[in-house]
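> The lines below spell out each chain.
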Amino acid sequence: MTAVDVELQLSVENLLARYVHALDDDRLEEWPDFFVEQGRYRITTAENFEGDLPLPIIYADSRAMLRDRVSALRHANIYEAQRYRHGVSSVLVERIDARAARSTANFQVVRIMHTGESVLFASGRYFDRIRLGGNGLLYEEKTVVLDSRAIDTLLAIPL
Amino acid sequence: MTAVDVELQLSVENLLARYVHALDDDRLEEWPDFFVEQGRYRITTAENFEGDLPLPIIYADSRAMLRDRVSALRHANIYEAQRYRHGVSSVLVERIDARAARSTANFQVVRIMHTGESVLFASGRYFDRIRLGGNGLLYEEKTVVLDSRAIDTLLAIPL
Amino acid sequence: MTAVDVELQLSVENLLARYVHALDDDRLEEWPDFFVEQGRYRITTAENFEGDLPLPIIYADSRAMLRDRVSALRHANIYEAQRYRHGVSSVLVERIDARAARSTANFQVVRIMHTGESVLFASGRYFDRIRLGGNGLLYEEKTVVLDSRAIDTLLAIPL
Numbered sequence: 057m058t059a060v061d062v063e064l065q066l067s068v069e070n071l072l073a074r075y076v077h078a079l080d081d082d083r084l085e086e087w088p089d090f091f092v093e094q095g096r097y098r099i100t101t102a103e104n105f106e107g108d109l110p111l112p113i114i115y116a117d118s119r120a121m122l123r124d125r126v127s128a129l130r131h132a133n134i135y136e137a138q139r140y141r142h143g144v145s146s147v148l149v150e151r152i153d154a155r156a157a158r159s160t161a162n163f164q165v166v167r168i169m170h171t172g173e174s175v176l177f178a179s180g181r182y183f184d185r186i187r188l189g190g191n192g193l194l195y196e197e198k199t200v201v202l203d204s205r206a207i208d209t210l211l212a213i214p215l
Numbered sequence: 057m058t059a060v061d062v063e064l065q066l067s068v069e070n071l072l073a074r075y076v077h078a079l080d081d082d083r084l085e086e087w088p089d090f091f092v093e094q095g096r097y098r099i100t101t102a103e104n105f106e107g108d109l110p111l112p113i114i115y116a117d118s119r120a121m122l123r124d125r126v127s128a129l130r131h132a133n134i135y136e137a138q139r140y141r142h143g144v145s146s147v148l149v150e151r152i153d154a155r156a157a158r159s160t161a162n163f164q165v166v167r168i169m170h171t172g173e174s175v176l177f178a179s180g181r182y183f184d185r186i187r188l189g190g191n192g193l194l195y196e197e198k199t200v201v202l203d204s205r206a207i208d209t210l211l212a213i214p215l
Numbered sequence: 057m058t059a060v061d062v063e064l065q066l067s068v069e070n071l072l073a074r075y076v077h078a079l080d081d082d083r084l085e086e087w088p089d090f091f092v093e094q095g096r097y098r099i100t101t102a103e104n105f106e107g108d109l110p111l112p113i114i115y116a117d118s119r120a121m122l123r124d125r126v127s128a129l130r131h132a133n134i135y136e137a138q139r140y141r142h143g144v145s146s147v148l149v150e151r152i153d154a155r156a157a158r159s160t161a162n163f164q165v166v167r168i169m170h171t172g173e174s175v176l177f178a179s180g181r182y183f184d185r186i187r188l189g190g191n192g193l194l195y196e197e198k199t200v201v202l203d204s205r206a207i208d209t210l211l212a213i214p215l
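Protein chains in written order, with this note's numbering: chain Z, 57 to 215; chain H, 57 to 215; chain F, 57 to 215.
Only chain Z is shown next, with the shape it has when bound in the complex:
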């Protein structure tokens, strides 16, 4: 049988679940706390990612930058009434060492407009590096690779 590290697998899935519920519940102020202090976050497209182009759509390399982004979103999107619903699946986890792991997962996000209409907003992969131990799991690095290059230039929420 494939040796799956049960504790690690379910801990990483739990981290992903808490992460997307925070986003979907619009608890954006909690978002930076899923990262280590110098955590890196970027959103890019599959095209750029595979071509290894250094052009992320969004890039941050500290909690402070993530907090700034939340502030900006709160001011910009004051009248918005969309909702988002993430579906995360097929989570593959690989231990790096006693203190770190890598994971890959698929996601799909539905956007529900204030009119009630629902559209498939985004799909892609999460490539994450996670710090283990201490007070729970935290993202050292989270790379969101979007399948489509036709994305909304104003991303209303983090992904």
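Just to be clear, a hint being listed does not mean it is correct.
These stretches of chain H come out as covered by chain F in the derived footprint (C-beta under 8 Å, 3 or more residues) [claimed, not checked]:
id, region
1, 68 to 77
2, 141 to 153
3, 166 to 179
Simulated from the structure, these hints should not be mistaken for laboratory data.
A quick note: this is a predicted structure, and the numbers were derived from the prediction, not measured.
Where a beta carbon is used, it is the ideal one built from N, C-alpha and C, also for glycine.
Use these hints to put chains H and F onto chain Z, whose structure you have.
Quick look at chains H and F alone, frame taken from chain Z:
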């Protein structure tokens, strides 16, 4: 590492999986048996849920009421040929005590019309209270919170 | 509590995750290696499956046939630029004996066109028979049951 209760987590995910397969397979007669005798089931919208408005779209507080609902659906929808496909993900489980747990999960449902066309039918969250022990897990309470208020007034199947 | 076989459950979910990531990453050459040498693969529709009609859309009963199919796809689709993103959920696993298990899972596949547009491409169920032991889990049989009969006659990738 986050302490995930492995047995509880997978048992709750298994309950959710059996629940949605019963619905998607149109085995509606089995649906009430996922609940305790006085189990509560309701479907509401996020708007109502967050405003704490007492206006569920569907409400039942016993297996008998759920059975009545199945009977009604069987008579009303005799000519229907839709299919439904649930996607459930990001399941967060919290133990209340030795005999009960709570869970939150995301869902998306695709409806496949008899013409072959597929549409995103509904998305939202399940907020569940589950009785542990005895003969397997059963729902004491299942609240379906739809993201969109633009729902079909005639819900063809339970969610 | 429902007795879930933790190791088996997570090993089967891991197999499914590796399987769909290989497909979504366009690593089609790896696809036959998820099967035993005489593994059976078929794609059918729910209508045909339930009517027990012997008319699969695609049928193969060996790795060699799967390899042929990959070659054909590589030649036919040389100019394609679609991407696919699977979402797999609600995995139910049942042990047959020490060397085999069955699983049922729901899937949804999004197709991302080279224009950037995303559409819900397919949904359905995987009915799998899995060989345990030896060098990891392998499919003895994988049946893909599509919800819709309105499918693309030229399936660009395996499902």
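> Decide, hint by hint, whether the structure agrees.
Cross-check of the supplied hints:
Counting residues of the region 68 to 77 of chain H whose beta carbon lies closer than 8 Å to any beta carbon of chain F gives 7, which meets the minimum of three for the stated coverage. Using a Cβ-Cβ cut-off of 8 Å, 5 residues of the region 141 to 153 of chain H lie near chain F, which meets the minimum of three, so the contact claim holds. Coverage of a stretch by a chain is defined here by at least three residues with a beta carbon nearer than 8 Å to that chain's beta carbons; for the region 166 to 179 of chain H and chain F the count is 8, and the condition holds.
Of the numbered hints listed earlier, not one is contradicted by the structure.
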